[in-house]
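J.: Sequence:
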Amino acid sequence: MKALSRFIPILVALATGLSPGLAADQWPQFRGLNGRGVSAVPAPTTWNVETGENIRWQADLPGLGHASPIIWGNRIYIATAVRPGAKPEVKIGVYGDGDSYKEKEVHQWQLLCFDKDSGKLLWDKPGHEAVPRQERHTKASHCNSTPATDGQRLVAIFGSEGLFCFDMEGAPLWKRDLGKMDAGPWDAPSMQWSFASSPLLHDGKVIVQCDVLSEQFVAVYDGKDGRELWRTTRKEVANWCTPAIASVGGQAQIVLNGWKQIGGYDFETGKPVWNLSGGGDIPVPAPLVADGLAIFTSAHGKFRPLRAVRLSAASGDITPPELESTNAAIAWCHPRLGSYMQTPISVGDKVWSCDWLGVLSCLDKTTGRIHYSERLGKGGQSFTASGVAAGKHLYFTTETGDVFVLAATDTFSAIATNKMGGLCLATPAAADGTLYFRTTAKLVAIGSK
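Going letter by letter, the sequence shown gives residues 0 to 448 in numbering that gives the first Met the number 0.
Check before you lean on any hint, since a few could be wrong.
Calculated pairs, EDC-like style, for lysine to aspartate or glutamate (alpha carbon to alpha carbon, straight line, at most 16 Å) [claimed, not checked]:
no., residue 1, residue 2
1, K174, D221
2, K301, E321
3, K259, D316
4, K103, E88
5, K418, E52
Since the hints were made in silico from the structure, they are not lab data.
Work the whole structure out from these sequences, hints included.
T.: Okay, here's the thing in structure tokens:
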């Protein structure tokens, strides 16, 4: 079995048309390759941070950030925001107030690079320095957006400070001011919650979704010089969703979540291809593109749907008369099964959605038939980080750092619960049999030594 596991990334690469040497088990953006949150290589299901069991290494992280680690080759890249004095506070848990921290100190946004095998800090480069233009939610940071890389460059959105591009050694290449990124709820515009959408890199171009209170748009920039190639205005509410890329009929399509204007856009021109409205009115999760479907979820307000769109059949306005209805483009919909924070995950013919309170639902990806809905743990915990998969196991993390490990099957099978020893709101990365968790204080590599 150990010998076979070495070839799993190569088999995955060949099946997906990727380069076996580089792309098979990289984690180049939020939720890894194609935003799927899946590594084919099995990782440990149990570990102990205190005793060191299955802990390859730990590294201290300065400042505060909820940006996920990304991986290219033998390097891990991670972004953070550092201010003078003590580490900033984070208020975790399930609560309804929309307060923010008013921090007027100068912050330094940094890009860090670690050796993937040893955890050695290779370099720590300043990316930007300023007083934050916006306040952050009490649960957020000034560095929520995960960077992205294509092996030639690194791109990062440093909150309201703009879009930045670096070479693979952290040297700045270009930056773009995206405007005042006033991210807050549509019905309380005086609140400031900080920006969280992550950029994508595709075919040498940078994709950003900027739906904030002052303006809403999707745009593509040239990765070489930051030149804006196109920008399409959207009619949306402020949201915290990351875009996804899909191939539809041999053409690249940008797929966006939202409330009023969920939809697909032509990658080359920005022309809208299809649109769908309705759902939760504070959208956060990214779309999950898998096997010709785009799976969307959102929450808050009247509905919290989980639904699947057939991309090959999506054209024009595909909004049904009732949210729970289906049509040629909408394969299935459950109006009350969605998630406020977490992006769904799919392995094989199944999809899982975990809500804010830890109720995990497993469905058939094609039909939407529910296999189970079960609570993780004993309740009373909140979940912000999205689930990931390594091999045949799923990993779901609470804000307090409890990691629930489950079998990726259509029956509820809890394998283990592990503790990270710190607050954990960032989605982990997985590559080559190792899980990489970011707590508010450390970067922890979990794998067989």
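J.: Take the hints in turn and mark each one as holding or not.
T.: Hint by hint, here is what the structure shows:
no., hint, in the structure
1, K174 with D221, "11 Å, holds"
2, K301 with E321, "13 Å, holds"
3, K259 with D316, "11 Å, holds"
4, K103 with E88, "14 Å, holds"
5, K418 with E52, "12 Å, holds"
The structure fails none of the hints (numbered hints given earlier).
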